[in-house]
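Protein sequence lines, in the order shown, are assigned to chains A and B.
Mapped onto my numbering, the consecutive letters of the first sequence carry residue numbers 2 to 238.
Mapped onto my numbering, the consecutive letters of the second sequence carry residue numbers 198 to 1016.
One or more hints might be untrue.
Subject to a maximum C-alpha distance of 35 Å in a straight line, what follows is the list of computed DSBU-like cross-link-like pairs (lysine-lysine) [unchecked claim]: (1) A:LYS36 / A:LYS127; (2) B:LYS411 / B:LYS975; (3) B:LYS788 / B:LYS459; (4) B:LYS509 / A:LYS126; (5) B:LYS246 / B:LYS431; (6) B:LYS764 / B:LYS675; (7) B:LYS728 / A:LYS135; (8) A:LYS126 / B:LYS214; (9) B:LYS373 / B:LYS431; (10) B:LYS799 / B:LYS788; (11) B:LYS373 / B:LYS764; (12) A:LYS36 / A:LYS224; (13) B:LYS341 / B:LYS411; (14) B:LYS728 / B:LYS341; (15) A:LYS127 / B:LYS214; (16) A:LYS127 / B:LYS509; (17) B:LYS799 / B:LYS675; (18) A:LYS135 / B:LYS509.
Just so you know, the hints here were simulated from the structure itself, not pulled from any lab data.
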Amino acid sequence: MTNGQTLINLENVTKIFYTDEVETHALSGIHLDIKRGEYVSIAGPSGCGKSTLLSIIGLLDSPTDGSYVLNGRAVQGLDFSDRARIRNQEIGFIFQSFNLIGDLTVYENVELPLTYRSMSSPERKKRVQESLEKVGMAHRMRHYPSQLSGGQQQRVAVARALGGSPSILLADEPTGNLDSRNGEAVMELLQQLHREGATICMVTHDARFAKHAERTIHLFDGKVVEETEAARQAEMA
Amino acid sequence: MHTFFQDIRFGLRTLRKAPGFTIIAVFTLALGIGANTAIFSIVNAVLLKPLPFPEPDRLLFMTSAFSNQKDVSRPFAISYPDFLDWRATAKSFSGMAAYHGDSFTLTGLPQPLHVFGVTATGGFFTTVGQQPFLGRDFTREEEKPGTRVVVLSHQLWESAFHGDRGIIGRAIAMDKQSYTVIGVMPAGYVFPMEGDAPQLWRSSATDAETTDPKDTPMTGERGAHFLQGVARLKPGVALESARDELNLITRNLAAQYPDSNKKFPSATVTTELEHLVGNNRTQLMILLVSVAVVLFIACLNVANLLLVRASKRNREIAVRAALGARRIRVVRQMLTESLVLGLAGALLGIPLAFWAVRMFISLNAAHMRRIESAGLDGTVLAFTAGIALLTSILFGLVPALRASSPNLTEFMKEGRGTTSSASHQRLRGVLVVAETTLGLALLVVAGLLLRSFHRILSVDPGMNSHDVLTLTFDLPDKKYNEQQQIEFYTQLQHRLENLPGVSSVGAVTPLPLSGSGAIITFTIEGRPVPKADEPSADIKVTTPDYFHTLNIPLLSGRDFTERDDGKAPGVVIVNQAFAEKFFPNENVLGKHITPGASNHGKPQPREIIGVVGNVKSRRLDVEDRPEYYIPDTQLNFGSMTVCLRTSVEPHSIASAVRSVVSSMDPDLPIYDIKTMDEYLAATLVTPRFQAMLLEAFAGLALLLTAIGLYGVVSYAVAQRTHEIGVRITLGASRGKVIAMVLKSGFQLTAIGIAAGVVLALIAGRFLSSLSSVLFGIKPTDGFTFGVVVAVMLLVSLLACYIPAWRASKVDPMIALRYE
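Work out the full structure, taking the sequences as your base and the hints as a guide.
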């Protein structure tokens, strides 16, 4: 599925948190490449730095050191405003707890990131409808999140991530709040998106779901300790 | 624009989902915005609205300026000769006229009718800028003796003459003389605008006449100051240069006529609007600042609520930021929600303001000029919209800025975006401290004004105003000569004394506290001074028994008697302030003064036969002024006000009094039947109005401050539920928990009180620098400060106690499980 072009390149990325007089090394010397169209999962035990790495990849946080090139542009030193703009255009987020806004309808939730761009209302409407149709939720666009099941909410969250046609989808434990049936359905949806050409980076601690990715990065104590390809994963399974 | 409406829609939706927050925030803002709208509508009506005349900025009010030996200059009425010289010489004005208030009795109607009117010089209406609706203005020719012309008000024309358009050129009977109607003014025309609306204007010809050919008419008396002036500035001439010109002319007159004009070396020229409402400016500005403080406190309160709300919306904000919302976009979203709140507050505030304005008008009962026109017009509504917008930014910006930069790393880890809870709590504490500071300062200012008002109430007016009925009527000169007037009052006095419920009767002019006064110069026997340096004092003309009727104490000497008539030696009674000022350390009885007023011919020396106590003739909050009294039998000073001391409720005998007067002359209309207490109360309307409003605003500020403090402490307790649970688990008693929470609230209060005391000292110093604001009280009055601090502490204690009590009830099992 990859076309060989590097979409994300992290070189020697470190992240240190300072609290009072304590330094916490969340990430140390991370090297990571993600190619366009690739499906990568990041796995590891709790506290290993998975979410910190995803925050940096998603431009929610900046590395303490190292370089980060997204889609050919160095982004490690951008200010909050520029990071917000690139996040909006390049990245689609799928969160464990869905993070839909309860006071907005399904339609408005999906439309939300598009309102942060200079996009005309008809164009937004078209994209929202396409995204919702893609995840099979177009019939619920006037509902509020509280009126949907967990699986449906996560589908809406996926639609929201897709709406802006991002370069990469970042999924943080997308099945963590779902039962197994809904979890499988969401994973199937991500698979389908990947088959259609989407680049996906997913954080998970569940080996069952990690195997859906072409490649899995294993983190431990803030370092990449292993990388496994899909074929090997299947072997190991 | 589309996203703006989306933001509004979202704002409305979120507010609907939080009804408690919305109701409190909207109601808080409505109180603040409503109070500001109400006071602004009064400021607009009184100070800002232009006068209803063409080019009102060019309409000027003029008086002479009196300078005493201390070089203090104050506005003083103009004399006819001075006015005529101004008019003949000044080049800065396109028109100039003089006038004085008057009252007339119209006869020839089914009932004699007493009307308030004005005597004015030629060109009066042209100068003001309003021509009669029918007929014409007075000409200068009509200032000459023998002319009898009047202009009617629209209201009088309709009510007394049935709107007869043929009235022009017709004769009407007034004060037993025939006057020709030359004009009718349009409906709603009122000028001069101070005092009762005139119903009739008469040309000044009567002031150019005398009953005794040996006398000088008023138009020739340079020392008789009783006119006001109105002028219209020529286009292109600045007010300053017109003032300079008039001052130059006045200085020249003072040099030319030193005997009469030495003490009037300058003129006062202001816009008519400033003349009308200048005295209310300070009072209204104090009220406007006070309501602005209330609104600011309301904003701080809502900002506090929004901060709590922002804490609860961390996740939503973080999601927005994660999806690419820039900070400014989040701020805009939150400010739009604030705007929705502000507009809702304004919408609710408008009816509150409407109600408040009606109440203010009824409370003030027209003691503040132009207040009756206060209402919610376009200007006021634009102001309301403006402050709604301003307050939305004021209370929304800080919470929006604080909420717009969530910690996204925390969001990724915890599934919720967090802004620092500790820094939020600190900021909310700062807001409460600011509220306490402002609230305390406002309470102190209100307290000072209230104490000041109570000091005025406790001033001894120098007479017993209770159970005294007063009435006024005009005895026309043409029907009653001087002797007949004296006989009329004497006979009336005897008849009224025989009425049941009447214990004594006297008459006086001018009546104390009625707003009228007269000052006349005099000389002291054995102390010759140049005429220009003659002293002056307030004069009153009374009948015998006046002092007895008003319970004004006779300190030494004797009262007037009926033997002190026109043939007897001239006598005068002075008040204590007069004796102390002009005869310090001397026995004043038996001394002679010669007042510059007489019925005919040269003024005669008068023996001081008595000293009476000081009476507050003008207002209760001014120093005692020297006064002297002359019996009506020896000086005709126009119509007098009859005073009756009653042993029954004064108004209950009003009809009997009317019957007595009508039985003596059915053509005399009685007016101004009021008790002395009513006159006294009228002088207290303005300070009472101000003190009451400020008390209300300060009470509101206190309430809002208490709510703010309650909110902060409650939220802190909610945040510390786990910690409190642990403390209780470890053995902390309820008392300890309550004390801990109270302490945290009191720390904020203590800082606010300390800062508030400083601010109140500054505000008090400013108040004391303004004239006629504080009376008999220092701006640092310890009692006021002490009571206000105690009240603030008590209210804070109450505000903190409820969350403290709730904290002490925390179930440790639930609190620990919750965490």
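For this session: Give me the numbers of the hints this structure contradicts, sorted from smallest to largest.
Result: Hints 2, 7, 9 not satisfied by this model.
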